[in-house]
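One-letter residues, chain by chain:
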Amino acid sequence: MSLPSFLPLAHALVARKDLPIPIWLFAWGASIVLIVSFFALSASWREPRFEDERWRPLGGGLWRALTGRVAQAICGLIGVFLLALSVYAGLHGTEAPDRNFALTFIFVTVWLGFPVFSVLFGDVFRPFNPWRAIGRLTGAAFAAVAGQRPVHLSYPERLGRWPAAAGLVAFVWLEVVYGANGGVAVGLSPHPAAVAALVYSAYTLAMMALFGTERWCQTGETFSVYFGMFSQLGSFGVRDGRLGLRRPFSATTSWASVPGSAAVVIASIATTSFDGAQEGALKGAIRSSFDWFADRGLALTTSLRLADTIFLAVCLAGVALVYLAGVRGMASVPGAPSRARLRVAFAHTLIPIAFAYLLAHYFSLFVFQEQAQFTYLLSDPLGTATTDLFGTASGGIDFQVLSANAIWYVQVGALVIGHVLGLVLAHDRATSLWGDYRQAARSQYWMLAVMVAFTCFGLYLLSVANG
Amino acid sequence: MNSNFARALVGVAAIVIAAVLLVVLKDDGGGGTEATTKGVPTIVVQNGKPVGGIRQLAYEKGDQIRFKVESDVSDEVHVHGYDVMKDVKAGGSVSFDFPATIEGVFEAELEDRGEQIVELTVNP
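Going down the list, the protein sequences come from chains G and D.
Using the numbering used here, the letters of the first sequence correspond one by one to residues 290 to 756.
Using the numbering used here, the letters of the second sequence correspond one by one to residues 12 to 135.
Accuracy of the hints is not assured; some may be wrong.
What the hints assert, rightly or not - Restraint-style ranges between C-beta atoms, simulated for each label pair: (1) G:I599 to D:V62: 45 to 55 angstroms; (2) G:G624 to D:A24: 15 to 25 angstroms; (3) G:L487 to D:G63: 43 to 53 angstroms; (4) G:Y377 to D:V95: 45 to 55 angstroms; (5) D:V95 to G:P346: 55 to 65 angstroms; (6) D:G63 to G:R630: 37 to 47 angstroms; (7) D:D98 to G:F663: 54 to 64 angstroms.
What the hints assert, rightly or not - On the chain D side, residues computed to face chain G include the following (Cβ under 10 angstroms): (8) P52; (9) E81; (10) H91; (11) G92; (12) Y93; (13) V116; (14) F117; (15) V133.
Stated by the list, open to error - Just a sample of chain G residues kept apart from chain D, beta carbon distances all over 12 angstroms, derived: (16) A304; (17) R305; (18) K306; (19) D307; (20) G348; (21) C364; (22) L374; (23) G402; (24) L691; (25) A693; (26) N694; (27) W697; (28) A742.
These are calculated hints, taken from the structure and not from any lab test.
Backbone N, C-alpha and C define an ideal beta-carbon position, used for all residues, glycine too.
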């Protein structure tokens with residue numbers, strides 16, 4: 290395939306969209322969800338099984354080296370280099386989104402890749418986090434020059450993970466609302482993306498200077514918190530600087546105790562829903578609101594962004610309301626803790642759902658776009674057709690590696706498995722909260738309804754035609 | 012008794028949700044795509060925009076994708092995904108004829124204007 294000589298601005302990152310799942314598969318998916326759910330009600334256990342992580346360290350020298358200083362320094366350098374490359378490509382490369390390294394790298398390779406890597410290999414973003422690397426280096430330099438460690442403000446505990454939840458919504462807003470361009474996957478242009486990356490870097494480094502690098506990464510820094518959330522699902526975990534193995538899914542049980550955690554997982558589900566619905570289920574509604582604003586004399590771009598922002602907010606409110614309704618229901622069961630405690634206690638049960646939503650909505654995009662990432666975007670990061678670093682600049686995306694059927698099965702399979710894991714975690718938590726087994730089981734009708742709602746809504750989003 | 016009642020309630024709610032969704036979907040599934048069997052569909056472009064809006068064309072994998080674009084502006088017609096590109100002159104027309112090898116939903120647009128004229132659906 291040859292490089293087109295002219296690359297216009299209004300060019301989508303993705304040249305192909307998924308077919309909606311067919312009605313028979315939707316029916317099968319929904320049926321399996323219901324059957325599995327009722328099975329879960331009858332075949333339930335009475336003692337919590339996931340509350341204890343059973344973490345044990347991995348002994349070998351190689352495992353130790355992975356969390357050692359040298360490995361941290363190398364990973365940090367790679368992270369900083371890739372951030373710098375993305376910003377440079379965004380500022381100086383082509384404005385064609387699909388030909389510029391920056392957009393695919395930030396929005397596909399990192400944003401969609403790290404949740405998967407985190408589940409499989411643990412919190413791998415932490416060592417590669419460029420801002421953490423810069424923060425640590427600056428801290429070390431300060432200590433060497435001043436002869437004392439930098440002094441930080443104490444992080445307000447009540448703020449918890451709220452800054453990360455806000456950052457998550459802002460990031461997706463930038464991607465699918467600000468950059469909205471007739472509703473393509475990433476309509477954003479490289480230049481504003483690079484500027485946003487610089488603004489976020491400045492904000493993050495300022496917060497790190499105020500509260501301390503590690504402290505800000507724990508609960509404030511959007512990407513650390515977001516990817517870290519998914520890493521709780523997996524078996525690899527670091528304790529006191531040592532890498533170890535734990536029971537899968539068990540680390541999620543303690544994750545949500547920090548304020549604002551429920552907001553992070555709700556924001557994740559809602560933003561993925563909005564991205565999926567923008568071109569499907571919500572298309573008509575967005576269009577009408579857009580017309581309404583445009584008729585009142587607002588500029589077309591402003592009208593579209595306003596309409597999209599409203600429906601992103603609707604998605605956030607909708608997902609939050611479903612969860613809060615479930616919490617309210619559980620609170621009505623005798624022996625229930627306070628609603629405030631329940632809100633925190635069950636937030637982690639939505640993490641598998643959030644991950645399933647990600648897989649279902651972006652699996653094919655990731656597989657296709659990574660082919661671009663490792664061929665022409667790697668060899669010609671600026672997209673100016675002037676470099677061919679690895680001899681792969683003329684490569685392209687082979688859309689035939691995935692059939693529509695394969696994509697459908699992955700989508701429905703992800704939602705069903707996420708549903709089951711959510712139910713398992715919720716039931717497990719209920720058995721530890723309610724002393725009485727019967728009441729625990731009763732409380733779970735409510736969480737079951739929440740899970741069925743999310744899973745069927747996910748299936749529905751996938752099955753609505755794009756047109 | 013109480014627990015059985017709640018169980019039944021959840022069951023009924025879930026089935027109602029599933030039934031409603033199925034009905035909603037059935038309505039959606041029918042419309043949208045037009046029959047593309049009779050003749051070669053022609054998309055007329057006036058003032059740089061497709062007459063009658065973005066044309067929906069649906070095929071099955073293995074079919075031959077055929078359509079014609081008549082345009083009053085000069086531009087390049089680009090079928091994304093398949094990466095088929097042809098120039099069209101103002102007042103001229105251009106014909107496409109290529110096999111449906113990739114499943115999915117694709118755009119064809121007037122490349123220089125960034126104006127989508129066709130939504131191409133290839134079903135398995």
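Do the hints match the structure? See the list:
no. : hint                                : verdict
1   : G:I599 to D:V62: 45 to 55 angstroms : violated (31 angstroms)
2   : G:G624 to D:A24: 15 to 25 angstroms : holds (24 angstroms)
3   : G:L487 to D:G63: 43 to 53 angstroms : holds (44 angstroms)
4   : G:Y377 to D:V95: 45 to 55 angstroms : violated (33 angstroms)
5   : D:V95 to G:P346: 55 to 65 angstroms : holds (57 angstroms)
6   : D:G63 to G:R630: 37 to 47 angstroms : violated (58 angstroms)
7   : D:D98 to G:F663: 54 to 64 angstroms : violated (32 angstroms)
8   : P52                                 : violated (16 angstroms)
9   : E81                                 : violated (22 angstroms)
10  : H91                                 : holds (4 angstroms)
11  : G92                                 : holds (4 angstroms)
12  : Y93                                 : holds (8 angstroms)
13  : V116                                : holds (4 angstroms)
14  : F117                                : holds (6 angstroms)
15  : V133                                : holds (8 angstroms)
16  : A304                                : violated (4 angstroms)
17  : R305                                : violated (4 angstroms)
18  : K306                                : violated (4 angstroms)
19  : D307                                : violated (6 angstroms)
20  : G348                                : holds (47 angstroms)
21  : C364                                : holds (36 angstroms)
22  : L374                                : holds (27 angstroms)
23  : G402                                : holds (21 angstroms)
24  : L691                                : violated (9 angstroms)
25  : A693                                : violated (4 angstroms)
26  : N694                                : violated (6 angstroms)
27  : W697                                : violated (9 angstroms)
28  : A742                                : violated (7 angstroms)
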